[in-house]
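Asker: Top line first, the protein sequences correspond to chains A and B. Here the first sequence is numbered in this note's numbering, starting from 1 and rising by one per residue. Here the second sequence is numbered in this note's numbering, starting from 1001 and rising by one per residue.
Hints in this document: simulated from the structure, not taken from any laboratory. Just so you know, even glycine gets a beta-carbon here, dropped at the ideal spot from N, CA and C. Please note that the accuracy of each hint is not assured.
Stated by the list, open to error - Computed Cβ-Cβ distance ranges for the label pairs, DEER-style:
1) 273(A) with 1250(B): 32 to 42 Å
2) 128(A) with 1029(B): 55 to 65 Å
3) 1269(B) with 136(A): 20 to 30 Å
4) 1399(B) with 59(A): 28 to 38 Å
5) 1304(B) with 273(A): 44 to 54 Å
6) 170(A) with 1399(B): 54 to 64 Å
7) 88(A) with 1055(B): 37 to 47 Å
8) 59(A) with 1269(B): 40 to 50 Å
9) 1088(B) with 105(A): 17 to 27 Å
10) 273(A) with 1029(B): 56 to 66 Å
11) 105(A) with 1073(B): 25 to 35 Å
12) 1399(B) with 128(A): 44 to 54 Å
13) 1301(B) with 221(A): 29 to 39 Å
14) 1029(B) with 269(A): 49 to 59 Å
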Amino acid sequence: MPSLNLLIQSAVSGVLLGGLYGLIGLGLGLSWGFLGQINLSHFAFVFLSAYLSFEFVNKLGIDPLVCLIILPPIFFFIGIFLHWLIRRFRITPFNSLLLTFGLTVIIESFIQWIWTADFVKLQTSYGDKKASIAGIYLPFAESMAFIIAVLVAVLVHLVMKYTDLGKAVRAISQDPKMATAFGIPQAKISLGIAGLCTALAALGGVCVAMIYTLNPSQMYSWIGVIFAVVMLGGLGNPFGPLIAGVVIGVSEAVTMVFVNPSWAPIVSFSLLIALLLFRPGKL
Amino acid sequence: MKRNFIKTSFALALVSSLALSFGVQAQKGPLKIGSTLALTGPLAATGIVHKIVGEIAIEDINSRGGLLGRKIEWVLKDDQSKPDVARTLYEQLITSDKVDLLMGPYATGAILSAMGVAQRYDKVLIHHTFGIPSQAKYDKQFPTWALGPHPEKTSPGIVFDAVATVPNPPKTIAIVTSKFPSIYFMSLGAREVAKTKGLKEVLYLEWDFGNKDFGTIAARVKDAKPDMVWIGDIGAEGVQLLEAMKKIDYSPRIHSHIYPSPGLMSQSPEADGAIAISLFQEHPPFTANKGAAEFVRKFHEKAQAAGLPYPLVDVQAATSYSAWQVLEAAINATKSFDDATIAKWIKANKVDTVSGKLRWDGEFNYGDDLMRVAQLQNRKWVMVYPKSVAAPGVKLEVK
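Take the sequences, apply the hints, and build the full model.
Answerer: Given below as C-alpha cells:
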C-alpha cells in the first residue's frame, strides 16, 4: 500500500501536469470549436516556441519568464498569417488537417536543422526552485504552467461570455452566414482567434521548455493525450481542456502509484472512451 | 571463306577486348556501400553520431586508396527511426540502387529489419548497435556492439560487481525501466541477476517509451528508499527521471543507466555519478586500440563542427567505426567483394578495432563481452571498472 505522502505527491504531480495539458489543449480546442480547423501544427508551434525560449535563454541570456511576454505576440501574427493562407486558398477543414500536418513536418525539420536532433535542455535557476508544504513538493515551473493555464482559461471565459467580441465569436461559430448578415466581421474575428490559438501554443511552449528536455520529434508524443484532453473537455469550451487535463493527469498519476506507469495511458484513454460513450462532448 | 573467318575472328577479338575493357572500368568504378541511419525521428540524436563516424571511416579508407583499388561511395538513406522504413530502404538499396555491399543501420529495430532483407538477398551485414543477440538468427550478420551472446546477464552482472566494490555496497535495489525493446530485455535480465547477487528488489516499474510524467515515478522511487536504482533508459529518459527526483529533494546514492544520451547526461548536474556500460572511453588503454587515437582526433573535429553537445568518442562512435574497420579488414584479407567469402572470413577470424579485438565465432555470431563500467565524473564519462581498464587515477565514486 503506498504511503499517504506518495499518494498526495503523485496527485499533485498529476494536477500540475494536467494544467499543462489544459494550456496546450485550449488553443487546439478553440481552433477546432470556433474555426472548424483541426490544427495539427499547434504541436509544432508549441515546440517551436520551446526551442525559441531555449535560444533566447541560453544564447541571449533572457529570463524564461520574459519569453512568456515576447513569444505570444510573435506567434499571434504567425497564426494570423497561417489562417489568412487557409482562407485565401479556400482550404476545406479536411484539407486543413493535411496542410497543418505538412506544416508540422516542415517545422520539425526546421527545428532539427537549426538546433540538431540532439536533446537540449533549458537550464535556468527556476529548475531548482520549489515550494514544500508538509513534505509535499510543488516545483516552480510546473506550478507556473498550471497557474498560467488557469488564468488563461478564466480570461478566455470572461471574454467569451461578457464582451461583444465573445458574443460575436460565438455567433460566428454557430451560424457564420447569419453572423455576417448582422454585420459581424467574420474574416477579421477568425483571424484574431487563429492568432490567439497560436499565441496560446507559444505560452505552452515556454512552459514545455522550462519543464522538459527537448527533442524535435517529441512533439508527436503529445498529440494523443492532448486530443484526448480536447475531446473530453469539449470544443471551444475555455474550462473544458483544463478540467479534462487535470482528470487525465491525476488518473495517470494515481495509476502509476497503484499499478505501473506503463498502464497510465491505457487508463486515461479508457476514461476518454467511457466518457465519449456515456456523455459525449461533456465532462 | 578464309577471309570471312579472319574478319569474324578479328571482330570477336575486338568485342572481347572492349567487353574486358568495360569490365575493368566497372571494377575500377566506385564501390557502392548502402545503409540507412536514423537521421530524423526520435533516434536521430544518436543517428548523427553514426553518420559522422561513417564519413570519417570512408574518408580514411578512400585516402588509403579505397578497397581493392575502388573508392567507396556511401549510399546513405534516412530511415526516420522507423524499422519498417529501414526494411523498405534496404530493399531499395539492393534492388534499385544496386549497392555492392551493405552496412547496418542504427538501433536494434532497424537492424533487425535490415537483417531480414540481407538474409533474403544473401548479403553480408555488419552492424554496430544491435542489443538483443538472441534475435540475430542470420548467419551472415556480424555485430561490433560487443555485448557477448547474453548481455541480459553479463551487462547487469558487471554493473552489480562494480557497485559491490564500493564502501557500504548496496543491499536493496529499485529497477525502473522503459519498455523500449532492447532496454526492457536488459532490465528483465537485471531483475534475475540482482537476485543472484544478493540485491533485494524493493521496487519494479515500467513505463512506455515517450512517457511524460516522471514525477510520480520519482516519488515512488523515493518512497521505496533503495540503496541503488537501476534505470533502464534510452535517450533523455534517465535525465528526466533524475530531474524529477531532484524536484522532490531526492537524489539516489547509486544510479545506473543502460543507453543514456551521453551529451545530455554530461550537461545535467543531476546526472553526475551516473553509471553505464561502455566499451570505449577516451583514455588509455582504449586510446591504444588500433586506429583509436587518430579516430578520436577526427571525431572531435567533425562532431564539434556538427554542433554535437558531447563531441567525445564513446561506445556508439567506437562500435560504429569498428564496423567499417571489420569490413575493410575482411575485404583486404579475402581480396573479394563476394558476400559469402567475406562472411566466411569474418566468422573465422578476429579483427583489431578501436573497440578492441572482436570475434564472431560464438553463439548468434557474437564473441567476447567487451562491456565495462563507465561513470560520469565532473561531466565527463570515464571507465571505472574493472580496475585494469579504469582511467588513470580514477575509481568508482558513490555518495
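Asker: When the hints from earlier in the document are held up against this structure, which numbers fail?
Answerer: Hint check: 8, 12 fail, others pass.
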